[in-house]
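Engineer: The residues making up each chain are set out below.
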Amino acid sequence: MEPLIQFRHLEKSYDAGGSKFFVLRRINLEIQQGEFVTIMGPSGAGKSSLLSIIGMLDSAWAGEYFFLGEPVHKLNNKKRNELHKANIGFVFQSYHLIDNLTVFENLEVPLSYKNVPHKERVSLVCDALDRFHIVGKKDLFPNQLSGGQQQLVGVARAVILHPKLLLADEPTGNLHSAQGEEIMELFKKLNDAGTTIIQVTHSERNAAFGNRIIQLKDGWVVSETAAATVQSA
Amino acid sequence: MDTIRQDVRYAMRMLWKHRFATFICAGALALGIGANTATFSIAEAFLLHPVPLEDVDRVVALVDSQPQRGVQNTPVAPATYLEWQAQANSFEQLGAYNWDGVNFTGDGTPQKIQDFLITPNFFSVLGVQPQLGRDFLAEEGQPGRNQELILSYGLWQRRYASDPKILGKTVKVDGKPFTIVGVMAKGFDYPMSAEAWLPMAFDAKARVERDNRQLWVLGRLKPGVSIAQAKAEMLTITRRQADTYPDSYKNFQLRAMPLGEYAAGDLNRQYTLLLLGAVAFVLLIACADVANVQFARVSGRQKELAVRAAMGASRTRIVRQLLIESILLSLFGAVLGVFLAQWMLTLILSHMPPDIARYIAGWKTIHLDLGAFLFTFVVALASGIISGIAPSLMSSRSNISETLKESGRGASSGRARHRLRGALVVAEVAMSLILLVGAGLLVKGFHALVSVNQRYQPETLLTLNLDLPAVQYPEKSARVTFHERLLESLATIPKVKSAAMATTVPYANGGGASGARFSIEKRPLAKREDAREAIMETISPSYFTLMNIGLRDGRFLSDADGDKTQPVAVISGSLAKHYFADENPLGKKVRVGEDDSNPWLTVVGIVDDVHYNWLQKEDIPTLYRPYRQNPPHYTTVVLRTDGDPKVFVSAVRAKFAGIDRELPIYEVKPLDVVIHESTVGIGYVAAMMAAIGVIALVLASVGVYGVMSYSVSERTHEMGIRMAMGATGASIHRLVIGNGMLLTGIGIAIGLPLAFMLARALSSLLFGVSATDPFAFIGLPLILGSIAALASYLPARRAVRVDPLTALRYE
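As given, the protein sequences belong to chains A and H, one line each in that order.
Residues in the first sequence are numbered consecutively from 2, following my numbering.
Residues in the second sequence are numbered consecutively from 332, following my numbering.
Keep in mind that the hints were calculated from the coordinates and are not lab data.
Take these hints with a grain of salt, some might be off.
A partial selection of chain A residues facing chain H, derived with a Cβ cut-off under 7 Å [stated by the list, open to error]:
{"hint": "1", "residue": "S53"}
{"hint": "2", "residue": "L58"}
{"hint": "3", "residue": "D59"}
{"hint": "4", "residue": "S60"}
{"hint": "5", "residue": "K86"}
{"hint": "6", "residue": "N88"}
{"hint": "7", "residue": "F91"}
{"hint": "8", "residue": "H97"}
{"hint": "9", "residue": "T103"}
{"hint": "10", "residue": "P111"}
{"hint": "11", "residue": "Y114"}
{"hint": "12", "residue": "V117"}
{"hint": "13", "residue": "L130"}
Derived SDA-like pairs (lysine to any residue); straight-line CA-CA distance at most 25 Å [to be verified]:
{"hint": "14", "chain 1": "A", "residue 1": "K21", "chain 2": "H", "residue 2": "A747"}
{"hint": "15", "chain 1": "H", "residue 1": "K443", "chain 2": "H", "residue 2": "D494"}
{"hint": "16", "chain 1": "A", "residue 1": "K138", "chain 2": "H", "residue 2": "K443"}
{"hint": "17", "chain 1": "A", "residue 1": "K138", "chain 2": "A", "residue 2": "A179"}
Ideal Cβ placement from N, Cα and C applies to all residues, glycine included.
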């Protein structure tokens, strides 16, 4: 099967007073469809930068990046945006729900950017509310929800269009352990249902929910190992 | 469409959430949009519909101009008109009119009427017909047959109580019987202010006149003929005329233009365009203010925008979302602006004296119409885009991944944003300075106009006009007797200090003072076009003293200067300077016109110059003659009173009735009212420009304040560090105010040369305006700078109060 993601000699750097400061160096990586990959490493290792590049939020890099065989490095912004919209969902550490939108409207956001018609949008949002058991919260604003509930909405928003790839940047970083566990269980279920997941985390326990760990240090991939199996709570 | 609705809903929610900023921005935009809507309504009336007739764009005005003398419109002589009529093929027909004024008597109170002499086909050229009765017949344009008249609707209503049986009635016009054959429709009053129309007839002598320029010619284009084609044909005809009669046509040049453009008038057009430009500047300043607020708002929403991008929003969608917000804000401003515009128009319309309004083409059509609403909508859309585009584009460009990081500040485009905000303030200051200088100069010019007339002490002068009909007063002696009796009689009214008469009193009758040629003994003209010209005044001897016009040399005219004594004249200082530069004019002889039959007049005195109207920028040579030697028909009588002149009106009317009860007197007004009415137009422009200047100043200060305030709040951390490192309050003050003043200084430096260009244009338009006015170019920038300094000081004071510990913890 064609890999979902393929990097060849990916590099990202900044100009720093005439010299280059490398954030990512010569990354060669393949991620298959259906994998649950964890990116780990110390602070400043380049984890979030790699995640942004995978999510096509960052286009300032060099090298080759194939997504489902499409050469992302050759695509213009518009094409990249379409590829991103069609295939990728995001979950953030601090949820990043839009404060002035209700839960219902937050879930609607990605749908509206894909020009999903109104009726279908309502139907998809209702389905997501139901799936994630947050129907009762649909008219609440983010500041009326707990952290766990907010992240639940964040995950629901990320997967509402059934993306092939779900990217999560420290998804449980702001949650207490029970809430974090719940979210990771949810990820596991989504992965089992076929969604490829790439997460950035410092937590060994969270990493254990996945099946591969990529270790970064100073922008280099220093190891790729299989994850230990997590003991479900 | 569905997603747009979603964006609109969200935008409204955001505007409501930040309602204080929303109301401030909408208020600023309302000022800009309201001023634009009101000015557009005026411009629409003046420039687009000055003549409210159907199909008016097919009517062309054909006038002569004298480019070398800067004269835009000059009438043509009968022979010129008749040749045009015979030779031009571009027009269905050509017609002409001439200004006139007649006395209506014999059927009620004697009344002075503003009439026009017109060729019988004049109404056909305009495409109108009388509402009642008939148009003039072709034969009524023959000498001796022209004894009919057509009334305006207004005169028919006022004088004849809308009598439906008015047709066929005979009235006395200047003592001669005329038959009323028609009444025009309500609202039709072309040429402006017309109350009646009389047929014009050319006798054999008039038909060959080429120098007696008195006709204003209009033509209706044939179907399919453009103005350009008609103009080309007319230029061929006028060139032929100039070749054949070079003396009569040299230095004249034909102008052909749509009637609307002609009726609007060049001056009206210039001032209207000036105001349109000024309010456009105000709107741009308001937009810059709003853009600055939008910058501040969207930079607080960087994370939201980054999340939207991460959710798949394209840059276009994000820009659209933000633009919808700023357009909604502008539309809100536009709604407020329409109310403001209506208020402004009501204010403007209600303060214009009716006697002046009726002479302003398009004045009565000023109102907020569909065009104005459409204009407002378009302006609001444009304002929304102008004020929102830069913040939207800038925000949509920020680094998404950086912004979404937990510690990310989303400030990757911060420096560019700062630069742009600074540039907006610079532009605001520059535009404000230009407006302030324009406003300052106009106000100074208007003030100079008012001051120059103070020497007449106009508040104690009563003026009134009369026109002695040629039928009743054909002889010079009859007119002299009339004037002698009148002045004697008026002087007996208690508390009337003195009475005088003149043919042209400053500012009376719109200040129109036309020049005439004159000759100087033993100094024949080398070339005909070098003709000497002066205003020819005929006055009573007491006029100079009554008007406080000073004697420079020689003597005033006296009661001894009669028809049996040597013909004499007094000249103005400018005439002496212009034509007797190297010699003493006293004792020299001059003659009105170039006709040998006119007597030589001996110059016996030189007096100060008089300012005749607000358009006059330089003194006009004037020649005064005693009324006993040249008794006029048309006269303005002036009375110096002890107190409010208005209380003397009934006594004055009684004195007139005692001398000639059939003679109407009109325009009975104190001179200060006459001057006010004559200058009210430029007063309006000056007042509007002053208001615009103040609005611009306020908006620019708000802009400086907003940017400095935002800058301080963004730099709280930096201020904290600086203070922790030992910075004093004074140094923080200097830092913030210095930044604000740097922007202001750059704005002033850019604005000054542009303001100078405007000042040069204004100085050529208006009396009393200097292109190098120190107040405008030193005083106003200082005022602007001081206010900007204050606007920077307030945020600076806040910066000084920053607690270093709090500021650092905040980070």
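Engineer: Go through the numbered hints given earlier and state which of them the structure violates, listing their numbers in rising order.
Structural biologist: Of the numbered hints, 4, 6, 9, 12, 13, 16 do not hold.
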